[in-house]
Amino acid sequence: MYPELRRGDGGEAVRRLQDLLNKTGAMLAADGTFGPGTARAVKEACAEAGLPPADRADEALWRWLEAAPEPSSDIPAEAVAFIVRHEVSSRVHYERHLQAPTDPGAESGVTIGIGYDLRFSDAARFQEDWGAELPGPVMARLRPWLGRKADARAIAGLRDLRVPFGAAWRVFCRAALPRGVADTRKAYPSLDSLPPLCRGALVSLVYNRGGRLTDRPGRDSRREMGEIRRLLDTGGPEDLAVVPACFEAMKRLWPTLAGLRARRDEEAAMFRRGLESG
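Under my numbering, think of the first position of the sequence shown as 1, with each following residue one higher.
To be clear, the hints were calculated from the coordinates, so they are not data collected in a lab.
There may be inaccurate statements among the hints.
[Said to hold, decoys possible] DSBU-like mimics (lysine-lysine), calculated; alpha carbons at most 30 Å apart, straight line:
hint	residue 1	residue 2
1	Lys186	Lys251
2	Lys149	Lys251
3	Lys149	Lys186
[Unchecked claim] Per label pair, the in silico range of CB-to-CB distance:
hint	residue 1	residue 2	range
4	Gly32	Leu275	39 to 45 Å
5	Ala68	Arg7	28 to 34 Å
6	Arg252	Ser193	25 to 31 Å
7	Ala60	Asp151	47 to 53 Å
8	Gly11	Ala49	19 to 25 Å
Quick caveat, the model's predicted, so the values are computed rather than measured.
We put the CB at the ideal spot given by N, CA and C, even for glycine.
Start from the sequences, fold in the hints, and give me the full structure.
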């Protein structure tokens, strides 16, 4: 039995629908409320599935979503959606502001798709990741920026290029996210023994901060990352219960950056829910 759901509906059926929509890149917070974001995701899913345009979820859409592949075999779709949402904000924001190459600032390179930084790629990896997704002329114009820091000239010269969200999502799921999971597993070898949402919280952390657990001389930015490793290696229930506090303690590093502070709080909450769900 597939319930027909529309805007204004709520409850567990809507939450299940949101979880399924997140398999296709919807980036929804599964809150059980069929609001404008869920309505937009339903329309986008109908278009991708080749179904007639609709603002409600009917049996045909339910069946298509159930058959859609999971975006990751390592972490749940909810966690994947969480990471992507924090990288690009929303599908609408991506399509309005991030389809063209960007310069996130600091030491970043030219960045495309879902946080794909050309500075940290090389010719072989770039071809493997993007060769099937972008036209040859687009690839040719991006290649000179591999391994290089971005600058105003780069962005001005590339502003006419477009990376569709579908291509960005596929590269993220196929290439960038698995590398993030591998980095997390290297930093935290007990990753696979944890509940799915706990794994998702840790992958989000490492995807955002990298997997280094120790500080360079004179620095104190990796204290909590190392403490999480110690707690996970010990592995007792009392130790795991302390891990969320380590996420929260990292906020000391960003006293004025609301986005990063919120991300750590939400990762802590996700880890706690993972422990509760077993």
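Evaluation of the provided hints:
no.	hint	result
1	Lys186 with Lys251	holds (24 Å)
2	Lys149 with Lys251	holds (27 Å)
3	Lys149 with Lys186	holds (27 Å)
4	Gly32 with Leu275: 39 to 45 Å	violated (21 Å)
5	Ala68 with Arg7: 28 to 34 Å	violated (22 Å)
6	Arg252 with Ser193: 25 to 31 Å	holds (29 Å)
7	Ala60 with Asp151: 47 to 53 Å	holds (49 Å)
8	Gly11 with Ala49: 19 to 25 Å	holds (24 Å)
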